[in-house]
Amino acid sequence: MNFELTFTTEQEAFRVEVRSWLDENAPKEMEHPADPGQLSAEGYRKQRQLGRDLGEKGWLYPTYPSEYGGGGLSAEEALIIEQELDRHGFTLPPYYDSGGKLGAASIMVWGTEEQKRHFLPSIFRGEVRTWQLLTEPEAGSDLANVQTTARRDGDEYVINGQKIYVGSTHGAEMSWILVNTDPGGARHQNLSWFMVPMDLPGVSWAPMDLLFAGNERGAASGHKQTVYFENVRLPAFNLIGGENNGWRVAGTHLELEHGLMQTSLRGDSLWERVVRLYTEAQERCEPIMDCPDASTLLADMYIDSQIGRLLHMRNYWLQRTGRPVTYHGPQAYLHVKRSALRTAKALHKLFGPYALTTDADVGLEDGHVEVQQRGSIVAQHPGGTVEIQKVIMARRLGIGRAEPQKSGRLK
Amino acid sequence: MNFELTFTTEQEAFRVEVRSWLDENAPKEMEHPADPGQLSAEGYRKQRQLGRDLGEKGWLYPTYPSEYGGGGLSAEEALIIEQELDRHGFTLPPYYDSGGKLGAASIMVWGTEEQKRHFLPSIFRGEVRTWQLLTEPEAGSDLANVQTTARRDGDEYVINGQKIYVGSTHGAEMSWILVNTDPGGARHQNLSWFMVPMDLPGVSWAPMDLLFAGNERGAASGHKQTVYFENVRLPAFNLIGGENNGWRVAGTHLELEHGLMQTSLRGDSLWERVVRLYTEAQERCEPIMDCPDASTLLADMYIDSQIGRLLHMRNYWLQRTGRPVTYHGPQAYLHVKRSALRTAKALHKLFGPYALTTDADVGLEDGHVEVQQRGSIVAQHPGGTVEIQKVIMARRLGIGRAEPQKSGRLK
Amino acid sequence: MLDLALTQSQEMLRAAAREMVEREYSKEVLLQLESDDGELERSLWDKTASAGWPGILIPAKYGGEGGSLTDAAVILEELGRGPAPGIFFSTAVLGVLSLLEASSEEQQASILPRIATGEAGIALAATEARYVWKEELTRTKAVRRGDGFALNGVKLFVQDAGNANILICTATLEGGEAGLFLVDVPLSGVSIRPLPGFLSDSFEVRLDGVEVPESALMPGGWDALDSAVLKALPVLSAYQVGACERVFEMTLEYANSRIQFGLPIGRFQRVQDHVIQIVNLKDAARWTTYEALWKLDENKPDAAAAVHVCAAVAREAYYQACNAAHEVHAGLGIMREYGLTLHTRMSRTLYHYLGDPAHHKARLAAELGL
Amino acid sequence: MLDLALTQSQEMLRAAAREMVEREYSKEVLLQLESDDGELERSLWDKTASAGWPGILIPAKYGGEGGSLTDAAVILEELGRGPAPGIFFSTAVLGVLSLLEASSEEQQASILPRIATGEAGIALAATEARYVWKEELTRTKAVRRGDGFALNGVKLFVQDAGNANILICTATLEGGEAGLFLVDVPLSGVSIRPLPGFLSDSFEVRLDGVEVPESALMPGGWDALDSAVLKALPVLSAYQVGACERVFEMTLEYANSRIQFGLPIGRFQRVQDHVIQIVNLKDAARWTTYEALWKLDENKPDAAAAVHVCAAVAREAYYQACNAAHEVHAGLGIMREYGLTLHTRMSRTLYHYLGDPAHHKARLAAELGL
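Protein sequence lines correspond, in order, to chains R, C, E and X.
Position 248, counted from 1, in the first sequence is what the numbering used here calls 572; the numbers after and before it change by one each time, with no gaps.
Position 275, counted from 1, in the second sequence is what the numbering used here calls 599; the numbers after and before it change by one each time, with no gaps.
Position 130, counted from 1, in the third sequence is what the numbering used here calls 353; the numbers after and before it change by one each time, with no gaps.
Position 325, counted from 1, in the fourth sequence is what the numbering used here calls 548; the numbers after and before it change by one each time, with no gaps.
Take these hints with a grain of salt, some might be off.
Unchecked claim - Think about it this way: if two alpha-carbon atoms lie no more than 30 Å apart in a straight line, the pair counts; the simulated DSSO-like pairs of lysine-lysine are: (1) R:K440 / R:K730; (2) C:K673 / X:K270; (3) R:K673 / E:K284; (4) R:K673 / C:K735; (5) C:K440 / C:K730; (6) X:K357 / X:K523; (7) C:K661 / R:K669; (8) R:K669 / E:K364; (9) C:K440 / C:K735; (10) X:K284 / C:K673; (11) X:K270 / X:K284; (12) C:K673 / C:K661; (13) C:K661 / X:K357; (14) R:K673 / E:K270; (15) R:K381 / R:K673.
What the hints assert, rightly or not - Rough simulated footprint, nothing fancy, chain R against chain E, three-plus residues with beta-carbon under 8 Å: (16) 345-356; (17) 394-407; (18) 413-422; (19) 542-553; (20) 562-571; (21) 577-589.
If you are wondering where the hints come from, they were derived from the structure by calculation, not from laboratory data.
All values derive from a computational prediction rather than experimental measurement.
Every residue, glycine too, gets a C-beta built ideally from N, C-alpha and C.
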């Protein structure tokens with residue numbers, strides 16, 4: 325066994341190249357607002373500019389084929405890019421683009437050659453940011469119950485409906501959407517999956533007022549939006565995977581979303597913040613609270629972070645080596661969700677009300693601790709609730725079933 | 325509000341009467357083996373003798389009508405008897421007789437006048453001990469799935485089958501049984517409920533080899549038995565509540581068994597033992613383990629015991645005052661089961677391996693702590709598993725139902 | 224005889240309080256309060272006062288109801304259903320009990336009637352940089368100046384200070400012990416600043432050379448305050464009980480009305496278990512709380528242990544009940560307009576207020592001689 | 224490059240070990256062992272020895288395999304599936320590592336070959352009345368007598384002492400530090416008594432004026448022993464990982480085959496959640512354990528923290544996995560003949576052995592500088 329990510333000499337040479345390029349080209353004075361909803365327009369512009377610069381070099385979506393605008397690089401090289409970006413405080417992509425990540429993976433599996441050539445390069449080159457449009461008021465855990473419709477009309481489809489919990493602040497140029505194309509059809513056989521430019525007439529959106537909206541994996545999203553479709557006319561060319569085949573297309577990105585997206589294997593920056601805060605207080609002989617089991621709480625937090633790291637490492641290794649990946653994604657995702665709540669409670673016990681305020685003088689770590697208190701509650705739900713992760717785990721493990729359920733197609 | 329059990333002058337006078345009678349008549353030198361399976365024949369004989377003596381005075385089943393051999397006393401007087409017995413280390417009845425308690429309650433609701441006169445006095449006077457025969461290999465949580473059959477044959481029924489997790493050490497003279505009387509019939513409408521003398525030809529039993537078998541509520545049971553029925557012929561008179569009405573009869577005792585049987589409202593003797601052990605070790609400056617959160621563990625144990633006491637007190641009060649009792653029984657039972665596991669873990673943390681041995685020199689409290697380690701695991705299952713308690717709670721609370729489920733008949 | 228029912232007059236009080244809370248502290252009003260500058264809150268306070276509730280614990284001779292702690296708890300339980308803002312507790316419970324335990328006859332005669340009429344709002348400014356309930360951690364100083372004192376220091380996480388016009392401030396006297404000062408606000412040298420974030424009505428109070436007269440010092444010290452807090456704690460727990468009840472109702476209703484996979488989600492065992500957890504938490508909080516209230520009202524010698532039990536249980540119950548409710552509500556629950564987050568925020572605020580569960584377990588262990 | 228697979232030779236070792244455990248340590252045999260007088264256990268030991276496994280960590284020059292800790296863990300994981308008795312761990316892992324860390328060349332040359340052939344069984348007699356892993360709590364005394372020492376004291380909860388013929392006993396030397404003594408048993412003055420109850424293979428060892436020669440004292444002291452324990456810990460965790468795997472398999476099989484309400488009980492979400500919990504526990508234990516082994520085998524400087532993580536996780540995992548399995552099995556699980564209670568008992572025994580989770584979390588906090 326080897327639990328270390330080691331790199332060849334060639335790969336280390338590549339790292340040097342990435343590092344020096346980033347030193348030269350990565351924007352300075354980055355914003356890292358505790359609440360990503362506070363990211364300024366200027367901060368967002370910098371993120372997108374860096375995205376385009378990376379895209380030009382094939383480093384934005386490094387492992388995708390270069391013929392579609394990807395980098396044609398290895399997983400190790402992608403990891404190097406990610407690690408080097410992390411030194412500058414960026415993720416890959418440097419802006420919230422879960423729709424691009426999941427959408428591109430789905431198009432790679434289900435799109436025609438023509439569709440790949442049409443949709444992928446702009447994502448991979450950072451020219452568009454893409455939102456994912458899944459959840460609706462009546463389709464949360466029961467995603468297959470989407471009520472937004474697409475009706476065929478000549479060479480076009482006409483879309484009507486509403487999607488919630490979408491995207492981020494500062495808009496997007498592209499999106500993909502799961503809709504109903506056969507209202508009378510059988511469950512799971514009545515859905516279709518489309519790419520939708522966000523500037524089409526009839527598309528509009530408005531921010532949702534939520535407890536907290538950011539801090540999903542990757543670059544944080546900021547506010548979530550409600551997106552409305554009113555007689556939006558869309559070319560039939562934008563249908564990916566064929567009419568009424570949308571549930572299988574969704575199987576691809578849902579598989580990824582349920583715990584297989586995190587590849588960075590980075591450490592836990594919150595843990596480091598907390599240890600620093602705690603030891604500083606100890607050194608001043610001033611723990612904020614009388615907390616008899618402080619060292620146990622901290623040890624438990626550390627253990628949780630180690631388990632999370634190892635489960636993601638295992639998943640990464642399983643995928644990289646072509647081994648079967650079944651219940652593993654939701655398991656890691658479940659751990660992340662659950663340990664976030666445990667961490668929130670521990671922080672509240674360790675720091676009392678200090679953990680809850682964003683006040684510039686009194687709050688901790690520029691509000692990052694407060695944001696974790698809210699964010700950990702919100703984090704239980706996106707990408708499938710805790711209950712849905714368990715449903716998938718049970719199916720994949722074959723609990724109470726004659727046969728374990730198969731995973732969604734990733735290739 | 326008043327959280328105290330207070331008694332009238334007359335009731336206190338009755339207490340004096342009970343106390344002096346017990347001082348004179350209760351057997352001395354009682355056995356309290358940590359594992360009730362170790363109760364000797366002589367110890368059992370003493371329990372039964374005391375039972376008969378109490379029965380003669382109407383103090384064994386004090387609240388039942390005297391016309392059937394009960395005491396015709398009030399709930400407060402019954403409580404006084406129980407409290408006074410507790411001073412001598414006895415429960416009421418002084419022997420394991422859950423079958424008598426549950427069976428009598430069921431006969432009171434469902435029996436004919438003739439049946440009451442026939443079956444109740446021997447129970448109430450302590451002449452018989454009664455086992456309950458419910459669980460079968462294929463009927464655990466799904467009790468309605470019992471496979472033991474009773475076939476009508478003239479004035480008799482012929483019983484064949486097998487019951488498990490039955491009773492206690494030292495046998496029983498009577499039992500009641502839930503059987504299938506219509507193998508092709510609809511679920512819940514194919515069962516019947518019988519009183520069965522245990523000396524009928526074809527009835528036999530053998531002890532089960534279990535992790536632990538005692539420490540249910542009331543006097544501990546000792547070993548559990550498998551009871552076999554081979555062409556046992558039973559008078560039709562022993563059918564209680566009518567043919568194929570057994571599920572409704574069972575509703576009565578299941579209602580009681582699911583958390584409504586404990587009326588003693590006594591303190592938690594294990595808690596007192598543990599505090600003594602812990603403080604003694606502290607005073608010698610010798611906690612057994614380095615346990616950083618010992619005082620939190622002990623506080624949590626205490627809190628659990630208080631919650632348990634209060635939930636039982638509430639249930640007692642609801643019943644006494646004729647208020648609706650719905651989810652409350654299973655809630656209290658669930659708490660008792662769950663807190664037993666928490667207590668076991670806390671004891672293991674506080675006392676390490678000492679908590680696990682019955683060794684006369686090294687073990688704690690004559691093995692009572694070790695027994696709790698095993699007993700707490702076993703205690704999750706009898707009288708309905710934890711899952712079944714939750715199923716009943718959900719039904720009674722109306723979670724996911726148009727109407728909350730009604731409780732079993734207690735009157 | 225054992226009797227776990229409220230008295231008839233308590234039941235009437237409860238009904239009136241419920242009606243008032245439903246009418247005045249609707250979700251819409253409470254959401255508005257989150258961005259209120261104080262005006263809305265004052266008008267709500269006036270309505271509460273007109274019902275006579277601020278005087279619930281005030282002796283009749285000062286214009287109050289002379290009620291028991293259990294009476295006060297009945298009102299607080301209903302306020303918790305809102306969850307209505309904390310100023311009622313700060314004033315009519317913690318404030319009044321502090322005055323009754325620690326202040327002089329004259330101070331009582333001057334202030335209690337004003338509380339009873341709803342004119343005065345009180346906030347207890349005791350906690351400082353270390354958020355631990357201990358006299359020796361008081362670093363705010365009171366120095367003799369002329370006929371009175373000058374106060375200097377910073378009080379942190381003072382609940383409801385922004386809505387009070389009298390602060391009870393702890394400050395170390397020259398002998399080293401903590402004194403309790405009545406500070407009218409606004410007053411020169413007192414600056415009160417809200418602490419924003421995931422907590423409700425919490426303030427920083429800075430005292431910069433604040434001059435108060437001799438008469439501002441209460442005769443009672445830290446011990447008197449401690450015993451006021453002991454009495455106030457289960458009344459606060461009752462607020463948490465009421466809040467849990469409301470969270471339970473919202474969650475059960477949602478579990479039964481939300482259809483997914485063609486069924487009310489309450490048909491799924493995992494969802495049921497969240498609801499059951501809330502029921503178990505709220506019932507444990509309810510009965511430990513009302514027993515503690517009864518023990519205090521009856522002057523039982525072991526009341527303190529019961530108080531710390533209910534304080535530990537009710538704080539944890541409200542916190543976890545909100546978490547469980549969020550599991551059931553998923554996306555809907557985190558929308559501000561739905562109203563669940565009003566409870567979530569309040570559950571966090573109250574988790575540590577007047578001592579977090581760890582604090583109360585430590586006190587409990589001490590009471591039990593462990 | 225990142226590689227979480229076993230090597231090919233480790234996979235062969237695993238296959239052979241699994242086959243052996245299934246053949247020799249069947250449920251029936253293990254149930255028989257519960258009331259064994261030692262003969263059955265010895266015959267099983269001989270079979271294990273004939274496969275060469277007791278020598279897995281012994282250098283080749285002493286007749287062993289010279290394997291890595293990960294190699295040893297592969298065997299232990301399979302033994303955990305039984306759960307096979309602890310004497311293998313006590314001898315081939317903890318015993319061998321203690322000898323390698325603390326004993327002299329001569330002592331090694333004398334004992335290690337006998338371990339490799341299966342002739343010698345070792346038990347570490349370190350813990351006493353206070354079950355805390357600290358040198359200063361050693362009250363057993365070693366007093367110089369003639370050319371050797373006399374040992375007096377009581378060792379408690381010594382795992383596998385009844386099946387060993389060499390004890391490694393800690394005893395305080397005249398300077399106050401603990402010395403490690405090799406004590407052949409049976410020997411005059413040594414009495415070994417099993418401690419019955421809900422734990423496996425645990426013994427009291429009384430040393431009453433036991434005379435041992437000078438050569439019985441190892442050159443290494445407590446620190447050497449401590450570092451042997453550090454290396455042994457993740458190998459023990461691997462045993463718990465294997466045990467969790469087996470408990471998982473039993474539970475999944477039962478959830479899928481047990482029909483109630485007309486369905487396999489595994490269709491019910493509450494039952495599923497117990498199984499999922501076991502999977503989560505075992506996977507957390509597995510990966511923390513194998514990372515710690517890798518860090519030790521690679522001499523990584525932060526190996527100690529990883530060891531305490533896996534020790535805390537694996538102990539808790541086995542304990543809770545058994546509890547969850549009991550929930551699923553209900554009545555069947557508590558029948559001795561079914562075999563689950565073999566694991567339950569072992570999970571309790573190993574919960575505190577070589578330090579309970581609280582101990583390892585405290586050590587972890589120290590390693591992390593907290």
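Taking the hints in turn, this is what the structure says about them:
no.	hint	verdict
1	R:K440 / R:K730	holds, 26 Å
2	C:K673 / X:K270	violated, 37 Å
3	R:K673 / E:K284	violated, 43 Å
4	R:K673 / C:K735	violated, 49 Å
5	C:K440 / C:K730	holds, 26 Å
6	X:K357 / X:K523	holds, 25 Å
7	C:K661 / R:K669	holds, 26 Å
8	R:K669 / E:K364	violated, 34 Å
9	C:K440 / C:K735	holds, 14 Å
10	X:K284 / C:K673	violated, 43 Å
11	X:K270 / X:K284	holds, 23 Å
12	C:K673 / C:K661	holds, 19 Å
13	C:K661 / X:K357	violated, 36 Å
14	R:K673 / E:K270	violated, 37 Å
15	R:K381 / R:K673	violated, 47 Å
16	345-356	holds (count 4)
17	394-407	violated (count 0)
18	413-422	holds (count 5)
19	542-553	holds (count 5)
20	562-571	holds (count 3)
21	577-589	holds (count 4)
Violated hints, in rising order: 2, 3, 4, 8, 10, 13, 14, 15 and 17; the structure is consistent with all others.
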